[in-house]
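Visitor: Using full-length UniProt numbering, read the sequence shown as starting at 1 and increasing by one per residue.
No lab work stands behind these hints, which were simulated from the structure alone. Incorrect hints may appear among the rest.
Stated by the list, open to error - Okay, the calculated beta carbon distance ranges per label pair:
1. Ile-122 x Asp-92: 37 to 47 Å
2. Thr-176 x Val-201: 14 to 24 Å
3. Glu-90 x Val-201: 16 to 26 Å
4. Ile-132 x Asn-167: 19 to 29 Å
5. Ile-122 x Asn-161: 41 to 51 Å
6. Leu-52 x Ala-170: 41 to 51 Å
7. Asn-161 x His-126: 51 to 61 Å
8. Ser-154 x Ile-122: 14 to 24 Å
9. Pro-169 x Ala-62: 30 to 40 Å
10. Val-123 x Gly-150: 20 to 30 Å
11. Val-187 x Gly-162: 13 to 23 Å
Even glycine gets a Cβ: it sits at the ideal position worked out from N, Cα and C.
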Amino acid sequence: MEGDSTTINITETPKERKGKAPLLATPPASSSIKPVVQKAPKRGYKRGLAILDVVLRIAGIAAALGAAIAMASTEETLPFFTQFFQFKAEFDDLPAFTFFVIANSITAAYLALSIPISIVCIVRPHLVAPRIILIFLDTVMVALTTAAAGGAASIVYLAHNGNSDANWPAICQQFTDFCQEVSGAVVASFLTVVVLMVLVVLSAFSL
Numbered sequence: 001m002e003g004d005s006t007t008i009n010i011t012e013t014p015k016e017r018k019g020k021a022p023l024l025a026t027p028p029a030s031s032s033i034k035p036v037v038q039k040a041p042k043r044g045y046k047r048g049l050a051i052l053d054v055v056l057r058i059a060g061i062a063a064a065l066g067a068a069i070a071m072a073s074t075e076e077t078l079p080f081f082t083q084f085f086q087f088k089a090e091f092d093d094l095p096a097f098t099f100f101v102i103a104n105s106i107t108a109a110y111l112a113l114s115i116p117i118s119i120v121c122i123v124r125p126h127l128v129a130p131r132i133i134l135i136f137l138d139t140v141m142v143a144l145t146t147a148a149a150g151g152a153a154s155i156v157y158l159a160h161n162g163n164s165d166a167n168w169p170a171i172c173q174q175f176t177d178f179c180q181e182v183s184g185a186v187v188a189s190f191l192t193v194v195v196l197m198v199l200v201v202l203s204a205f206s207l
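Generate coordinates for the entire structure from the input sequences, incorporating the hints supplied.
Guide: Next up, the structure:
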């Protein structure tokens, strides 16, 4: 009949429904999103390195100052029958020993003056400029102290062993106290070199 309208219902089969993708993906739940929080670098280890730096500088002062004093106070006079004919050995008889005393005195003075800069690194562990200054100056002191200790060590070796090719006799059989004191001073100076090298490494780690 004319007034009747025919309605056709089209239903989707499961296969057709499975092949269609949603136009907009559903947003994930807000609870599953975890914000990324960047942790601030810890200051504890840098402050600990700065405290160790101060302790090592005090130890370096003791070693360098002890080496300089031991060498500067070294002398020995061999006893003979007459006071007008004596053999005497002093540190300033050899330029290498004189340079040794001056270099170790400079190193001890530098380490004492550098302690305030190291204390600043304890208070402000993230400052870069003081560490760069300490690395540069510590490296210079390593070179100076190594040169002084190496030069003195070569003289001590000759004093103990001599040199048959150059007809240089060993004098430590006569000047036993003199050789023992200068040998101890050289060992203390090399300990100062080791301390300075460790200080350079600590400053590099702090940076």
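Visitor: Indicate, hint by hint, whether the structure satisfies it.
Guide: Structure-based check of each hint:
| no. | hint | in the structure |
| --- | --- | --- |
| 1 | Ile-122 x Asp-92: 37 to 47 Å | holds (40 Å) |
| 2 | Thr-176 x Val-201: 14 to 24 Å | violated (38 Å) |
| 3 | Glu-90 x Val-201: 16 to 26 Å | violated (38 Å) |
| 4 | Ile-132 x Asn-167: 19 to 29 Å | violated (51 Å) |
| 5 | Ile-122 x Asn-161: 41 to 51 Å | holds (47 Å) |
| 6 | Leu-52 x Ala-170: 41 to 51 Å | holds (42 Å) |
| 7 | Asn-161 x His-126: 51 to 61 Å | holds (52 Å) |
| 8 | Ser-154 x Ile-122: 14 to 24 Å | violated (40 Å) |
| 9 | Pro-169 x Ala-62: 30 to 40 Å | holds (35 Å) |
| 10 | Val-123 x Gly-150: 20 to 30 Å | violated (37 Å) |
| 11 | Val-187 x Gly-162: 13 to 23 Å | holds (21 Å) |
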